[in-house]
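Trainee: Chains A and B, in that order, are what the protein sequence lines are. In terms of this note's numbering, the first sequence is residues 1 to 279. In terms of this note's numbering, the second sequence is residues 280 to 558.
There could be a bad hint or two in this list.
[To be verified] Which bits of chain B does chain A cover? Going by a derived footprint, with three or more residues having C-beta under 8 Å, they are: (1) 318 to 327; (2) 360 to 369.
[To be verified] Straight-line Cα separation of at most 25 Å, DSS-like style, residue types lysine-lysine; simulated pairs: (3) Lys264/A - Lys478/B; (4) Lys558/B - Lys247/A; (5) Lys478/B - Lys455/B; (6) Lys249/A - Lys513/B; (7) Lys247/A - Lys528/B; (8) Lys526/B - Lys234/A; (9) Lys543/B - Lys262/A; (10) Lys558/B - Lys262/A; (11) Lys513/B - Lys264/A; (12) Lys249/A - Lys234/A; (13) Lys528/B - Lys541/B; (14) Lys455/B - Lys234/A; (15) Lys168/A - Lys478/B; (16) Lys176/A - Lys558/B; (17) Lys247/A - Lys478/B; (18) Lys199/A - Lys513/B; (19) Lys234/A - Lys513/B; (20) Lys526/B - Lys199/A; (21) Lys199/A - Lys455/B; (22) Lys543/B - Lys279/A; (23) Lys478/B - Lys199/A; (24) Lys176/A - Lys199/A.
Note that these hints are calculated values from the structure, not bench results. Backbone N, C-alpha and C fix where the C-beta goes; we use that ideal spot for every residue, glycine too.
Protein chains: 2
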Amino acid sequence: MDRILIVGLGLIGGSYAEGLTRAGFEVGAVTRSRSSIDYALQKGIISSGTTGLDPDYLGRWDVVVFSLYPHIFRQWVRENQQWLRSGAILTDVTGVKSRIVPEIQGMLRPDLEFVPAHPMAGREVYGVQNSNADIFKGANFILTPTERNSEQAIGRIEAIARHLGFRKISRLSPEKHDEMIGFLSQLTHCIAVTLMDCKESHHMVDYTGDSFRDLTRIARINEDMWTELFLENKAELLEQMDLFAGKFKELRDALEQEDSEKMKQMMRLSTERRSYFDK
Amino acid sequence: MDRILIVGLGLIGGSYAEGLTRAGFEVGAVTRSRSSIDYALQKGIISSGTTGLDPDYLGRWDVVVFSLYPHIFRQWVRENQQWLRSGAILTDVTGVKSRIVPEIQGMLRPDLEFVPAHPMAGREVYGVQNSNADIFKGANFILTPTERNSEQAIGRIEAIARHLGFRKISRLSPEKHDEMIGFLSQLTHCIAVTLMDCKESHHMVDYTGDSFRDLTRIARINEDMWTELFLENKAELLEQMDLFAGKFKELRDALEQEDSEKMKQMMRLSTERRSYFDK
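Bound conformation, chain A alone:
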């Protein structure tokens, strides 16, 4: 079985580590914080780990999973790929793909391969201390391979995703991925943040139903990570935001004009489409 190194032991990296150790893989970790390594060793979700960059240690792994902010991921590969073993497969969990995939694949040694991936799972808490491999159970997993990838390497990352319990493993082009995620994930985070920013709402806790709670769950957000992800996908996200704003204005104008039939038509469409997403 592959020996797997996690680079960046936060919530997602830690959840990978836990799930893969459970599945019988040998899992190591490199991360900046000593306490994260200590926690993961003590919990038994990694068998080794380091905060340094020991060439011998980095050279031991068949698969390297990057769970880092995009700019740190780029820098890490640029500076440290020299220590990875020949034939190693790199993969990641980065939420945007169009820019980073050609960059990483373009700078990589010819004897290494990068298989880009995006696990569609997360929580509103951070750090290895909150990691939990159960977040992947039943979730979606997206691969965004390019013509530089081999079926064999893609297959090894798919196998890892199956070991982690993902429900559906799909492939998209990096561009299609970013359009999709711009709509499904980034736009929804923009909406939640906006809604929460509209008003000082402390006193509303006593009046709210569940709908406001559900729509703002993801308004609890890591501002550094998401700002970077939004900027990495700027053109696409702007397009999705403008699409939403335009539709929202249609509903607003229908209300202003008391156009009941238009309002009902929009609601019938949303009701029909939402049924696809019932679990």
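With the hints as your guide, set chain B onto chain A.
Mentor: This is chain B only, laid out in the frame that chain A set:
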């Protein structure tokens, strides 16, 4: 104990009936559909019920709960209040208040009293067959009394809310209620409907995470009821929609200008405020 009549035996009316029967009240029902009465009798959540308007039956009740569309509620009271017993208390579950409360209180016989209320609970399914008194457990309950109400009558409706298991019972003016609900509930439904209407999304089921699912749960919507509720609260809802659209544009423009600090500031604010709503 009060004998309680439910007028309109749908999801909310049926859930009231179930909870109040469990709590030991005698509960009857008037509704249009014979099968709803039969179902409720068979389940034991009412002890009697009728689809007609028998004056003797209508004159038997101490408290009458209206769970109807606003326009049907108005019409019912206009035509049938003559049959209610002297001293009966009327209450409701209507989602908007500013227009309907003075209308109902203004047309009421002097020996009847209307205590307006709004239970903040619901589901995306309809009908007495889906009713379940557990939806009220831990939920909020808002009363919107006016100077026409007596403390004694308000107290009796509060007691009923406590029997149903509501967590927090509050009072707001009808106007404040409609502003609050325009923001917390109607705006969120507008957002969910809009988001679902943006794209044909069937194929996205394989790519989505939970955030899109959470934000669109309430896009499954009863178009007749919600269109009526939106129109009843038109001015207030337009104001809330414009507030949201303006804030959304701020975030959009910050992204376009790559103003990271502004984006992060909006996210820090949303993170801080969302913590109020943790259960």
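Trainee: Each hint: holds or not?
Mentor: Do the hints match the structure? See the list:
{"no.": "1", "hint": "318 to 327", "in the structure": "violated (count 0)"}
{"no.": "2", "hint": "360 to 369", "in the structure": "violated (count 0)"}
{"no.": "3", "hint": "Lys264/A - Lys478/B", "in the structure": "holds (17 Å)"}
{"no.": "4", "hint": "Lys558/B - Lys247/A", "in the structure": "violated (32 Å)"}
{"no.": "5", "hint": "Lys478/B - Lys455/B", "in the structure": "violated (35 Å)"}
{"no.": "6", "hint": "Lys249/A - Lys513/B", "in the structure": "holds (15 Å)"}
{"no.": "7", "hint": "Lys247/A - Lys528/B", "in the structure": "holds (14 Å)"}
{"no.": "8", "hint": "Lys526/B - Lys234/A", "in the structure": "holds (18 Å)"}
{"no.": "9", "hint": "Lys543/B - Lys262/A", "in the structure": "violated (37 Å)"}
{"no.": "10", "hint": "Lys558/B - Lys262/A", "in the structure": "violated (37 Å)"}
{"no.": "11", "hint": "Lys513/B - Lys264/A", "in the structure": "holds (15 Å)"}
{"no.": "12", "hint": "Lys249/A - Lys234/A", "in the structure": "holds (22 Å)"}
{"no.": "13", "hint": "Lys528/B - Lys541/B", "in the structure": "holds (12 Å)"}
{"no.": "14", "hint": "Lys455/B - Lys234/A", "in the structure": "violated (39 Å)"}
{"no.": "15", "hint": "Lys168/A - Lys478/B", "in the structure": "holds (21 Å)"}
{"no.": "16", "hint": "Lys176/A - Lys558/B", "in the structure": "violated (37 Å)"}
{"no.": "17", "hint": "Lys247/A - Lys478/B", "in the structure": "holds (10 Å)"}
{"no.": "18", "hint": "Lys199/A - Lys513/B", "in the structure": "holds (19 Å)"}
{"no.": "19", "hint": "Lys234/A - Lys513/B", "in the structure": "violated (35 Å)"}
{"no.": "20", "hint": "Lys526/B - Lys199/A", "in the structure": "holds (10 Å)"}
{"no.": "21", "hint": "Lys199/A - Lys455/B", "in the structure": "holds (14 Å)"}
{"no.": "22", "hint": "Lys543/B - Lys279/A", "in the structure": "violated (33 Å)"}
{"no.": "23", "hint": "Lys478/B - Lys199/A", "in the structure": "violated (29 Å)"}
{"no.": "24", "hint": "Lys176/A - Lys199/A", "in the structure": "violated (35 Å)"}
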